[in-house]
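My request is simple: use the sequences and hints to build the entire structure.
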Amino acid sequence: MGYRERHAIPDLGVGVGLRSAHIVHVLRERPAMDWFEIISENFFAEGGVARAHLDAARAHYPLVPHGVSLSIGGTDSIDRDHLSRLRALVRRVRPPWCSDHLCWTGAAGLDVHDLLPMPYTRETLAHVVERVRRVQGELETPFALENASSYMEYRESTMTEHQFLAELAYRADCGILLDVNNVFVSAYNHGFDANAYVDAIPGDRVVQMHLAGHTDKGTHLLDTHSDHVRDQVWELYRRAIGRCGAVSTLVEWDENIPTWSVLEAEGRAARTVRDEVLGATTKVRPC
Amino acid sequence: MLDPRDGSLAGLQRFITDAVRSGTASPLDPHRAQGADRVLVAGKHGLSPADRLEIYREQFWVRHVSNLIDDFPTLGWVIGAPAFREVASGYLTAHPPRTWNLQRLGADLPAFIASEPRWASDRLAVDASRLDWAFMEAFDAPDASPLDLSPLAGATEDAVTTARLRFHPSMRRLAFHHPVHEVREATKRGDARERPAPRNVRVVVWRDATFAVRATSVEPIAFDLLAELSAGAPLGQACEAVANANGVSTPAGELGERVGAWFQDWTANGWVSEVAIAR
Numbered sequence: 042m043g044y045r046e047r048h049a050i051p052d053l054g055v056g057v058g059l060r061s062a063h064i065v066h067v068l069r070e071r072p073a074m075d076w077f078e079i080i081s082e083n084f085f086a087e088g089g090v091a092r093a094h095l096d097a098a099r100a101h102y103p104l105v106p107h108g109v110s111l112s113i114g115g116t117d118s119i120d121r122d123h124l125s126r127l128r129a130l131v132r133r134v135r136p137p138w139c140s141d142h143l144c145w146t147g148a149a150g151l152d153v154h155d156l157l158p159m160p161y162t163r164e165t166l167a168h169v170v171e172r173v174r175r176v177q178g179e180l181e182t183p184f185a186l187e188n189a190s191s192y193m194e195y196r197e198s199t200m201t202e203h204q205f206l207a208e209l210a211y212r213a214d215c216g217i218l219l220d221v222n223n224v225f226v227s228a229y230n231h232g233f234d235a236n237a238y239v240d241a242i243p244g245d246r247v248v249q250m251h252l253a254g255h256t257d258k259g260t261h262l263l264d265t266h267s268d269h270v271r272d273q274v275w276e277l278y279r280r281a282i283g284r285c286g287a288v289s290t291l292v293e294w295d296e297n298i299p300t301w302s303v304l305e306a307e308g309r310a311a312r313t314v315r316d317e318v319l320g321a322t323t324k325v326r327p328c
Numbered sequence: 038m039l040d041p042r043d044g045s046l047a048g049l050q051r052f053i054t055d056a057v058r059s060g061t062a063s064p065l066d067p068h069r070a071q072g073a074d075r076v077l078v079a080g081k082h083g084l085s086p087a088d089r090l091e092i093y094r095e096q097f098w099v100r101h102v103s104n105l106i107d108d109f110p111t112l113g114w115v116i117g118a119p120a121f122r123e124v125a126s127g128y129l130t131a132h133p134p135r136t137w138n139l140q141r142l143g144a145d146l147p148a149f150i151a152s153e154p155r156w157a158s159d160r161l162a163v164d165a166s167r168l169d170w171a172f173m174e175a176f177d178a179p180d181a182s183p184l185d186l187s188p189l190a191g192a193t194e195d196a197v198t199t200a201r202l203r204f205h206p207s208m209r210r211l212a213f214h215h216p217v218h219e220v221r222e223a224t225k226r227g228d229a230r231e232r233p234a235p236r237n238v239r240v241v242v243w244r245d246a247t248f249a250v251r252a253t254s255v256e257p258i259a260f261d262l263l264a265e266l267s268a269g270a271p272l273g274q275a276c277e278a279v280a281n282a283n284g285v286s287t288p289a290g291e292l293g294e295r296v297g298a299w300f301q302d303w304t305a306n307g308w309v310s311e312v313a314i315a316r
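Going down the list, the protein sequences come from chains A and B. Heads up, this note's numbering is the position in the first sequence plus 41, with the first residue counted as 1. Heads up, this note's numbering is the position in the second sequence plus 37, with the first residue counted as 1.
Since the hints were made in silico from the structure, they are not lab data. Treat the hints with care, as some may be off.
[Claimed, not checked] Residues on chain A that point at chain B, a partial pick, calculated with CB under 8 Å:
{"no.": "1", "residue": "Ala86"}
{"no.": "2", "residue": "Glu87"}
{"no.": "3", "residue": "Ala93"}
{"no.": "4", "residue": "Ala97"}
{"no.": "5", "residue": "Ala100"}
{"no.": "6", "residue": "Ser118"}
{"no.": "7", "residue": "Asp120"}
{"no.": "8", "residue": "His123"}
{"no.": "9", "residue": "Ser125"}
{"no.": "10", "residue": "Gly147"}
In this text the structure is predicted, and so the values were computed from the model without any measurement. We treat Cβ as the ideally placed atom computed from N, Cα and C, and that holds for glycine.
This is the structure in structure tokens:
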């Protein structure tokens, strides 16, 4: 039995990231949308408008928390405050899974608020496996790690990122959030084959996919979430969904955030590709 | 400089953390660039290991300075954008981020401004930084239960005298040398024109029922009474202390009448979250 089946991970369809620029519109108009992803840390406060919006949104849509600050690959202790707030959020939202990134965010008590890549070695794998197990034990909810986009690689790495991620998912028994745009960005930046990466990811472990736009900086691609999904990324998504089957898909847009209608159309584009590949016609979930 | 090759993952992460948050406008220094050569792959598109680390370093400064610009709009207006960027860089060097919570990034900025020789004597700048931070704190402070005034119904005068008030967790009381809350409002409207003349004001910042964070000035004596009550003093004792300090008659007289009006304002604003009366 595969991971998704064992943990009863549903296919939520196609969603978008719920950002403050659109939240009032979403709560007022309740547009048809299968589901929303929320940035976990934006909803950690014990009060205020974010908490109120969270409670209003979860009454009408499935929500899935996605974190950016757990630092699962870090060497500082896992932040107890962060983890207890994440656990409280998960208990409030009751999502089918939650996620963060395969990365580290700082060291020696400092936090640079970035998704820094790991050296991919046997030693770091054992380190991350142990931390993922601890987090899953605390959350009591399926937990998935996303492949982060990266701009540097370490000399000491002895495994590829996809090998590391696949083995991590198997040994820690966690899910994978496959960010298709990140695969494309990192493949360009490091010169590996994006198709081979997608082909090597264990499909049954993939609980969710991400799509987003990136920026070409000339010497490298920067994962900015600031534009439409690029054609090459749509092609890679087509390949990924073909391998993994009906997996919940989410469009991220975090900079130069467009109007709701533009974001909604990007979600529809993802649905079209998904339906073409899966040979099915799915209807957007009405609110 | 940290040695990136002490053989441990922790050592590697300390080196990169240190490099990513180094400097401000200039690229990686030569020592750190050499360290990058030892641990990172050069890879594609002509980027050296140092160039690759530089991508993260640049993002560190862009992200954190821009966060501070968003969080301190009044201070930004008071000292101007170029000076604010300098302040932000100095602040982030002196107080590097130590928590996952970006909302807390500017927690020490008011104290930093107040201790910086260039700005310490600029009381408007110091006031602005404190007001902006109060807004940040109020924004996501814990909620309070709706106020229940039923304990007051039928309470004797003696019981009211011993009542203790609890205030909304978002409420902040601040004393300023300038009407800086008016500057913040004008900045928000886009019609801030000139620095205001000095004027001592007492301001309350709070999050209202619609989750908007607001600021309003209060009379000094009401401000003092709020301070006494917030510290846990019973109503009667708080009034007496404030009356004595301000040279006005005791609750039975002038102050008593004003307290009633203030209490109505405070409850209407949502400042009072609980009235506890001993039975």
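Checked hints:
1. Ala86: holds, 3 Å
2. Glu87: holds, 4 Å
3. Ala93: At 6 Å from the nearest chain B Cβ, Ala93 of chain A passes the 8 Å test, so the hint holds.
4. Ala97: Cβ of Ala97 of chain A sits 11 Å from chain B, so the hint is violated.
5. Ala100: This hint is violated: Ala100 of chain A lies away from chain B, its Cβ roughly 17 Å from the closest one there, beyond 8 Å.
6. Ser118: violated, 12 Å
7. Asp120: holds, 6 Å
8. His123: holds, 5 Å
9. Ser125: violated, 12 Å
10. Gly147: holds, 5 Å
Of the numbered hints stated above, those contradicted by the structure are hints 4, 5, 6, 9, listed in ascending order.
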